[in-house]
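K.L.:
Its first residue numbered 1, the sequence shown is counted upward by one per residue in this note's numbering.
Worth flagging that the hints you see were computed from the coordinates, not collected in a lab. Quantities reported herein were computed from a predicted structural model and do not represent experimental measurements. Where is the CB? At the ideal position from N, CA and C, for every residue including glycine. Heads up, some of the hints might be wrong.
[Claimed, not checked] With a straight-line cut-off of 27 Å between C-alpha atoms, the simulated BS3-like cross-links for lysine-lysine are: (1) 85 to 31; (2) 167 to 126; (3) 7 to 37; (4) 37 to 103.
[Claimed, not checked] Cβ pair distances, simulated, as ranges: (5) 112 to 179: 16 to 22 Å; (6) 110 to 61: 41 to 47 Å; (7) 125 to 217: 30 to 36 Å; (8) 14 to 204: 32 to 38 Å; (9) 194 to 141: 16 to 22 Å; (10) 74 to 102: 34 to 40 Å; (11) 8 to 81: 48 to 54 Å; (12) 181 to 17: 55 to 61 Å; (13) 58 to 16: 31 to 37 Å; (14) 211 to 66: 22 to 28 Å; (15) 8 to 56: 36 to 42 Å; (16) 141 to 203: 28 to 34 Å; (17) 204 to 81: 40 to 46 Å.
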Amino acid sequence: MAKKGKKFQAAKAQVDRTTRYNVNEAIDLVKKISFEKFDASIELAMRLNIDPRKADQNLRGAIVLPHGTGKTRTVLVFAKGDKAKEAEAAGADYIGDDDMVEKVLKGWTDFDTVVATPDMMAVVGKLGRTLGPKGLMPNPKTGTVTMDVTKAVSEIKAGKVEYRTDKIGNIHAPVGKISFSAEQVRENIVAFYEQMMRIRPQTVKGVYVKNMSIASSMGPGIRIDTESVKKK
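Construct the entire structure; sequences and hints are all you get.
P.N.:
Below you can see the structure in the form of structure tokens.
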């Protein structure tokens, strides 16, 4: 742990905490100071001027990033008949109905995302206590409760990212890997930022994005000047 601590401190020393970096500078810096021995993810964090306790300000949804996240997601689909066949053709990793519900209830969690057709939700509802705390419960707002399982699975495999504000208004999303080009990371950041602007609640007054930063999996945060994200 001490060795990791030293590497983190060395990386942190290269970041000026008082500066809001141009987005391009921030991306170059996060790639430069990444010390992980694996292809680390780059995470975007935004602090929004919202009150998630208010229904219209509890933001939740999903977006397909231009260049994906660099991670292949394992998809479980709850569907029957033709919809199960569509899910298989679309590339779903696991497909089932009541049998799969029982498997999950017994502790199986070898999947990253769950999709379900509306008719399966009565059965899938049994998994609320298992999937809910992990953020895996299918939800119409994120497009994971749908009859169009082909679209749902295809988008997830293409790099669809789900987002949800926490209780104090923070929102996080993976926007690529260290191995991505700077341009790919930038375009993913811009796409996510623009999505947040599109869903800005009308009841929010004043500054909407209070803070914005990126960091590698184990690295320090680098603050971004939001004005630079608006420009190409």
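K.L.:
Each hint: holds or not?
P.N.:
Here is what the structure says about each hint:
1. 85 to 31: 42 Å, violated
2. 167 to 126: 25 Å, holds
3. 7 to 37: Holds. Residue 7 to residue 37 sits at ~11 Å (cutoff 27 Å).
4. 37 to 103: 35 Å, violated
5. 112 to 179: 16 to 22 Å: Holds - the Cβ-Cβ distance for residue 112 and residue 179, about 20 Å, lies within 16 to 22 Å.
6. 110 to 61: 41 to 47 Å: 26 Å, violated
7. 125 to 217: 30 to 36 Å: 34 Å, holds
8. 14 to 204: 32 to 38 Å: The hint (32 to 38 Å, Cβ to Cβ) holds, given that residue 14 and residue 204 are roughly 34 Å apart.
9. 194 to 141: 16 to 22 Å: Given range 16 to 22 Å: holds, Cβ gap about 19 Å.
10. 74 to 102: 34 to 40 Å: 19 Å, violated
11. 8 to 81: 48 to 54 Å: 52 Å Cβ-Cβ, so the 48 to 54 Å window holds.
12. 181 to 17: 55 to 61 Å: 27 Å, violated
13. 58 to 16: 31 to 37 Å: 34 Å, holds
14. 211 to 66: 22 to 28 Å: 24 Å, holds
15. 8 to 56: 36 to 42 Å: Because 39 Å falls inside the window, the suggested range holds.
16. 141 to 203: 28 to 34 Å: 18 Å, violated
17. 204 to 81: 40 to 46 Å: 44 Å, holds
Hint check: violations occur at hints 1, 4, 6, 10, 12 and 16; the rest are consistent with the structure.
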